[in-house]
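Colleague: If you want the building blocks of each chain, they are given just below.
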Amino acid sequence: MTLRLESVGKEFAPGRPVLADLDLTVAPGEFVCVVGASGSGKSTLLSLIAGLTRPTSGRVLLDGEEVTGPGPERGLVFQTASLYPWRSVARNVAFGLESLGLPRALREERVGRLLAEVGLSHLAGALPGRLSGGQQQRVAIARALACSPRVLLLDEPFGALDVQTKEDMQLFVRQMWQEEPTTVIMVTHDVEEAVFLGRRVLVLSCDPGRIARDLTVGLPAERPLTVKRSPAFLALRAEVEDLVRAEHRAHQARV
Amino acid sequence: MTRASAPAGAPMSRPAGAAGPLEPSLAPGAVPGGRGRRVRLLSSAVSPRAAWVLRALSVLLPLAAWQAVSMSGLTDPTFLPSPAAVLAAGREMAVRGELWSDLAASLGRVGLGFALAVLISVPLGFAMGALPWAQALAEPLIGLLRYLPASAFIPLLIIWLGIGEASKVALLVLGVVFFNTLMTADVVRQVPRRLLEVSATLGARRLRVAFRVVFPYALPGVIDAMRVNAAAAWNFVVVAELIAATSGLGYRVIRAQRFLQTDRIFAILVVIGLIGLAIDVLLRLLRARVGRWAA
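Quick note, the sequences are listed as chains A and B, same order.
Numbering follows the numbering used here, with no gaps: position 219 of the first sequence is 219.
All you need for the numbering used here is the position in the second sequence, starting with 1, plus 1000.
Bear in mind the hints are in silico, worked out from the structure with no lab data behind them.
Remember, it's a predicted structure, so these values are computed and weren't measured experimentally.
Be a bit skeptical, because a hint or two may be false.
Stated by the list, open to error - A short, non-exhaustive set of chain B residues, derived as facing chain A with CB atoms under 8 Å: (1) Leu1103; (2) Ala1104; (3) Leu1107; (4) Val1191; (5) Pro1192; (6) Leu1195; (7) Glu1197; (8) Arg1208; (9) Pro1216; (10) Trp1293.
To be verified - Taking beta-carbon pairs under 10 Å as the criterion, some of the chain B residues facing chain A (in silico): (11) Gln1190; (12) Arg1194; (13) Arg1212; (14) Val1213; (15) Tyr1217; (16) Ala1256; (17) Leu1283; (18) Leu1286.
Glycine residues also receive a C-beta, built at the ideal position from the N, C-alpha and C atoms.
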């Protein structure tokens, strides 16, 4: 899978672009984290790739094919668990497979495997309301992965979690990505999270949103939590933070 | 006459909070003044036992007052019969069987009329809530019609449909359909956009989203709206029977009026109230079952 954005621009109100002239190529199996000050259009970028919003100009191409609407080959996970509250955990994960018309036996087998992968087999029959925030996000990720997406889009998926749960989830997502190499694009406002998870970190500028910096994270592939204290990590984190802060200041000065 | 605009009391916002007869009254010790009191007002929790005592008092106090007034000799028993007389009149009607046939007639009408109203209003409200163009098309008309008191249509309905069953059922439908449509539309609009977006990314097309996402999400709220409007339907059936009927609880009230049988009128009013309460409880149970996930 190769994702290409060709001079993509988006205006919600005429003359006030949220994103402009954005060019981006994501190679198969990459883990890209997008950071930026609020108002930089991070979520809009993800929404464009998901096909929930159409660009005002430019094109979004997935393996050379233009994205014209949402589809199961681009799985999406939001910050607040948008699970179906009346469906059990297993039936939540099965939703996309039902839409694809997969036979029941295959569906159940696949759901069972995914739930085991995210460590929630024991909660298969529970309703989402009984789950903790971290568990809910695991279900949301499993549900998106059920359709075997070519790219997984994460929109601040751990933004509403407490610090410990968040770290657990970061380790979980990294491990999942290493075991089953999917392409992941993740929007976050947490710079530390971006540097820890990403192989590549994009910093967006504001007014309009553009790619201000495209950084490769040169940390080892195996990243225990302790890597967050290593000098290389801290240096990179500081660099990204400075960039985001500068963008934020510039944005504040303009409004 | 009757509270012809009964549902007007229900807000057009999400009807989940609409108070029903079983809702424990809020803040029983609502005492004005005092800064310290205000805080207590918010945390005025009542133990379950105290709540049951209060509920019993809510019925027993007026009953005792009624008994006291009728025993005091201040009122003519022809105008205000004693509770015992009302009970006796009710028992007599029950034994003679007319109470049951009237009850069956009224329940049959409300069942048919309300079912028709639901069959029209739920799909219509669903469409209005889910499709902006349907909303724009239907809302002005329904918004206007719902302010016309349904009872004012009785003369017209009798001219059009005669004094038979059709005009009564039509009154019920008119009294319920507009409110239930708008309330259903409101509930459907509450479905979070994120849920719809996620469903689209999971490959669900519009019809699938409508039936597998929007409908189940809205269902408990739709039942809530139905519960509020069932009360109106029950009111309207009695109103319809007061005007022109040869059976039904409303008809029985009018007949008792002709013979100045106030004890019978009271007995029937009690029955009307109890049936209304029963309808409410049934719909609450249904709501609780369907909406378990929302609890």
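Colleague: State for each hint whether it applies.
Modeller: Right, here's what the structure says about each hint:
| no. | hint | result |
| --- | --- | --- |
| 1 | Leu1103 | violated, 36 Å |
| 2 | Ala1104 | violated, 36 Å |
| 3 | Leu1107 | violated, 32 Å |
| 4 | Val1191 | violated, 11 Å |
| 5 | Pro1192 | holds, 7 Å |
| 6 | Leu1195 | holds, 5 Å |
| 7 | Glu1197 | holds, 5 Å |
| 8 | Arg1208 | holds, 6 Å |
| 9 | Pro1216 | holds, 5 Å |
| 10 | Trp1293 | holds, 4 Å |
| 11 | Gln1190 | violated, 13 Å |
| 12 | Arg1194 | holds, 4 Å |
| 13 | Arg1212 | holds, 8 Å |
| 14 | Val1213 | holds, 7 Å |
| 15 | Tyr1217 | holds, 7 Å |
| 16 | Ala1256 | violated, 48 Å |
| 17 | Leu1283 | violated, 19 Å |
| 18 | Leu1286 | violated, 15 Å |
Checked against the numbered hints listed earlier, the structure breaks hints 1, 2, 3, 4, 11, 16, 17 and 18; every other hint is satisfied.
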